[in-house]
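Since each chain sits alone in its own frame, please combine them into the complex, following the hints.
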Amino acid sequence: SQQGEEDPQALSIQEGENATMNCSYKTSINNLQWYRQNSGRGLVHLILIRSNEREKHSGRLRVTLDTSKKSSSLLITASRAADTASYFCATIGGNQFYFGTGTSLTVIP
Amino acid sequence: DAGVTQSPTHLIKTRGQQVTLRCSPKSGHDTVSWYQQALGQGPQFIFQYYEEEERQRGNFPDRFSGHQFPNYSSELNVNALLLGDSALYLCASSLGQLGYTFGSGTRLTVV
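Just so you know, the protein sequences line up as chains A and B, in that order. 67 is the number that our numbering gives to position 67 of the first sequence; each next residue is one higher, with no gaps. 9 is the number that our numbering gives to position 9 of the second sequence; each next residue is one higher, with no gaps.
Chain B with its partners taken away, still in its complex shape (with noise of 0.2 Å):
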C-alpha cells in the first residue's frame, strides 16, 4: 500500500517564475493538507483540502494557491517565486482529520 507520494523530489526554479507541486494521498485517505518547512524551521501549515474546496488556510499570500482532483490528489501551486519561497514543501493526507502521513516532501530552491 502506496504511502503518500510527492513530486517532483527537488526543484530549481529562478525569482519570478511559477511552480506546481503535486501529492497523491494515501490510498482511502480523502484530505490534503500542505506545509512549507523552511531550514532549522518547523513546518508550516499552508492550507487544506477537502471535497475539491480549499477547508482552512494559514498565512500565506495569495501566491499560494492550490486544487484537489476528484481522485483526491492535489497540486500546490506557487506564482511570483521569491528567494524566499526556498524550502521543504510536505503534503500529508488524511481521512478527514484522522491517520495523518506525510509524504517525503518536495526540495524547492528559488535562484
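Chain A with its partners taken away, still in its complex shape (with noise of 0.2 Å):
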C-alpha cells in the first residue's frame, strides 16, 4: 500500500502557537499534497510540494519534503482556533489518491 501515516494523531495547542505535522509516505513521487478538513466534511486543498522541491511557503503554512526519508511535514505559525480541523498528506499513484491517516489539531482559544 502507498498509504502513508501521519504523526502525531492528535495535537493540541494554544492560540498563538505553532504546529507541526509530519507524513511518510512509501513509494517514490511526482508531488505531495497536504489537505484540510472541517468536523468530518470535504477536504480542502492547502498546498502541493513538488519532488525536486524542499520548502514551501503560503500564507502561515510551511511545507518541507525530504524525499530520501519518505517523509514531509507541515508547520502551522501562529495557530488560530480556526484552523481546528483534521490535516491529511496525500500522494498521487496512477489515478489515485493515497491518504494519511491524518493529524486532528485543536486549537485552544
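Worth flagging that the hints you see were computed from the coordinates, not collected in a lab. Errors might be hidden in some of the hints.
[Claimed, not checked] Facing chain B, a subset of chain A residues (Cβ under 10 Å, in silico):
(1) L75
(2) C89
(3) G94
(4) Q96
(5) T101
(6) I108
[Unchecked claim] Rough simulated footprint, nothing fancy, chain A against chain B, three-plus residues with beta-carbon under 8 Å:
(7) 42 to 56
(8) 97 to 106
Glycine residues also receive a C-beta, built at the ideal position from the N, C-alpha and C atoms.
See the structure below:
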C-alpha cells in the first residue's frame, strides 16, 4: 500500500503557538499534497510540493519534503482557533490519491 | 462558479438495503472519483469515472458500483448495505488528472 502514516494522531495547542505535523509515505512520488478537513466534511487543498522542492510556503503554512526519508512536514505558524481541523497528506499513484491517517489539530483560544 | 455538489448530505439506511449517492462535478471538469472515509481514517479510493466508463477501481467489492452520465455527473450505488459501510463518501472532480476538487461529502449511516 502507498498509504502513509501521519504523526501525531492528535495535537492540542494554545492559540498563537505553532503546530507541526509529519507525514511518511512509501513509494516514489512526483508531488505531495496537504489537505484540511473540518468536522468530517469535505477536503480543502492547502498546498502542493513537488519532488524537486525541499520547502514551500503559503501564508502561515510551511511544508518541507525529504524524498530520501520519504517524509514531509506541515508547519502552521501563529495558530488560530479556526485552524482546528484534521490535516491529511496525500500522494498520487495512477489515477488515485493515497491519503495518510491524518492529524487532528485542536487550537485552544 | 459552483464547486462539486453532493447529495444528499446525510442518509440513514438499514442493513441489506441499497443506496444511491449523487455527485455533480465542478464546471469544466470531466472526471469523477469516489472515496470512502471511515471515522477517524483517511479517505480510501473506490473508483474513478471518465467518459462514462470506470477507469480505475480500488479495493472495494462489487457491491459498490457507479455510473457517469453524459453531463459528467456521477452516481455511487452500494447494494446489500453492511454496518461497515457507514462512512463519509466523498466525490472529487477533475479535468483529467488536474485540478482535483472535493465535495463536502455524504454521511451514510447504516443501522
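* With a cut-off of 10 Å on the beta carbons, see whether C89/A makes it to chain B. => This interface hint holds because 9 Å falls under the 10 Å limit.
* Status of the T101/A interface restraint (C-beta, 10 Å, chain B) -> holds, 5 Å
* the segment 42 to 56 of chain B covered by chain A? Criterion: 3 or more residues, Cβ-Cβ distance below 8 Å. -> holds (count 7)
* Asked: Does the interface hint hold: is I108/A within less than 10 Å of chain B, judged Cβ to Cβ?
  -> Where the cut-off is 10 Å and the nearest Cβ of chain B is about 21 Å from I108/A, the hint is violated.
* Asked: Given as covered by chain A, does the segment 97 to 106 of chain B meet the bar of three residues or more with CB within less than 8 Å?
  -> Answer holds; 7 residues pass the 8 Å Cβ test.
* To do: Closer than 10 Å between Cβ atoms is the bar; does Q96/A clear it against chain B? Give me holds or violated.
  => With a minimum Cβ separation of about 4 Å from chain B (threshold 10 Å), the hint on Q96/A holds.
* Per the CB criterion, is L75/A less than 10 Å away from chain B? -> Violated, because the Cβ-Cβ distance from L75/A to chain B comes to roughly 20 Å (cut-off 10 Å).
* Supplied contact hint for G94/A, tested at 10 Å Cβ to chain B -> Result: holds, 6 Å to nearest chain B Cβ.
This entry does not satisfy hints 1 and 6, going by the numbered hints stated previously.
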